[in-house]
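**Student:** Here is how the chains run, residue by residue.
Number of protein chains: 2
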Amino acid sequence: MPRPRLDCDTPSAMQRMIDTFWQLLSERKYRNITVTDIVRKANVNRNSFYYHFNKLDDLAYRAIHDEVNRSPLAQSGGAGKVPDLQHWRKHVGELISTEEERKRTARLTMIVGPNTDPVLYQAFHDNEREALLEVLSREPEDVDPRTDLMMDFIVGGIMGILNRWLHMSETHGSEVLADKDATAIATRVYDLLLENCLPSGKPAGKAGE
Amino acid sequence: MPRPRLDCDTPSAMQRMIDTFWQLLSERKYRNITVTDIVRKANVNRNSFYYHFNKLDDLAYRAIHDEVNRSPLAQSGGAGKVPDLQHWRKHVGELISTEEERKRTARLTMIVGPNTDPVLYQAFHDNEREALLEVLSREPEDVDPRTDLMMDFIVGGIMGILNRWLHMSETHGSEVLADKDATAIATRVYDLLLENCLPSGKPAGKAGE
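From first to last, the protein sequence lines are chains L and Y.
The numbering of the first sequence is the UniProt record's numbering, which starts it at 1 and goes up by one.
The numbering of the second sequence is the UniProt record's numbering, which starts it at 1 and goes up by one.
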């Protein structure tokens, strides 16, 4: 799939299309969403859609890209500096119970929910993997097989959590997990990243602790 | 889905059907496999199939159940005794490069491969989760939300590894990972189980180290 253009000179039309994508995905299966649905509901010109995207899959990729990269984890790294565990724990503790974070979780659970599609799974996998490698200052093309597998273990695990979270929320409501438990899980996942997926040369043990 | 009967008084017919299931899954999509295909190729009477199973999904569930429970991890626990990390590392080190283990891995990658189906994903998830809980002597109905999510993180992660393993094997051949790396990953996964999913009352820290 060709990457959608990530530079954008009409953010409001783009954002309306992205928001409409999430809204429609909450209502129906991905395969039952059409470009026509998007442009009508977003009140966007059809040409505007095709200016930004070649096809619906590209909008889905972009929407998931944005959601993944809005995460506190993705934003805590960058510029070659890998945030340590204390930094990350504090960051998560501050953010995890905000309305914004809940909205983000709700959107991401749609990727594993009943309306999902292999296209959405793949887009989440690719974006999440890329975001995590960037936080750890690793180059995607320079990852050894063992780190490669651990990275996919972590991304697969995050999907497993989203899937379970969805079922638990449906059964027990959204307050199923205490903030301290959510922080503990998020910390554990990041710990696993630091332990296993740092650039070579960094300590392989309990980095950041 | 009703559970297939796991007691079986005609193991050879049963085993032929299971082997045929894996063979056909290596050749075509799960949805393109029929009960007729199975009984013809396994040389089993149609009545014999329906004596053991209500439908094809039940055979798939049973085949995946057997494969999951043949794993060294599943077999290392039991009788209320949780194997510690040293025990597990030694066990994996001995088994991971055997022909039997390679065959098991090849079968399990079919569950996440191009011929997969949501039914197979779900069967793997349910069986793997059950097997891990049993190794840890945890009752499925007595799992707190935090452990619940960590358990699904681990099962999702194992699926992520299988999926990546499949792609890496296709690109680089089966010898992509050294035995020591495979052992390190298997050990890390078990470590995560011990750290996060033990019955309450057990130490929450680095159990078994």
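No lab work stands behind these hints, which were simulated from the structure alone.
Misleading hints may appear alongside valid ones.
[Unchecked claim] In silico lysine-lysine, DSBU-like type, Cα no more than 30 Å apart, as pairs:
1. Y:K55 x Y:K81
2. L:K55 x Y:K29
3. L:K29 x Y:K90
4. Y:K103 x L:K29
5. Y:K41 x Y:K29
6. L:K180 x L:K90
7. L:K81 x L:K41
8. L:K55 x L:K41
9. Y:K90 x Y:K103
**Student:** Now look at each hint and say whether the structure bears it out.
**Tutor:** Each hint tested on the structure:
1. Y:K55 x Y:K81: 36 Å, violated
2. L:K55 x Y:K29: With a Cα-Cα distance of about 27 Å, the restraint between K55 of chain L and K29 of chain Y holds, given a limit of 30 Å.
3. L:K29 x Y:K90: 47 Å, violated
4. Y:K103 x L:K29: Violated, because 36 Å separates the two Cα atoms, which is more than 30 Å.
5. Y:K41 x Y:K29: 16 Å, holds
6. L:K180 x L:K90: 12 Å, holds
7. L:K81 x L:K41: 42 Å, violated
8. L:K55 x L:K41: Between K55 of chain L and K41 of chain L the Cα gap is close to 17 Å, so the pair holds against 30 Å.
9. Y:K90 x Y:K103: 20 Å, holds
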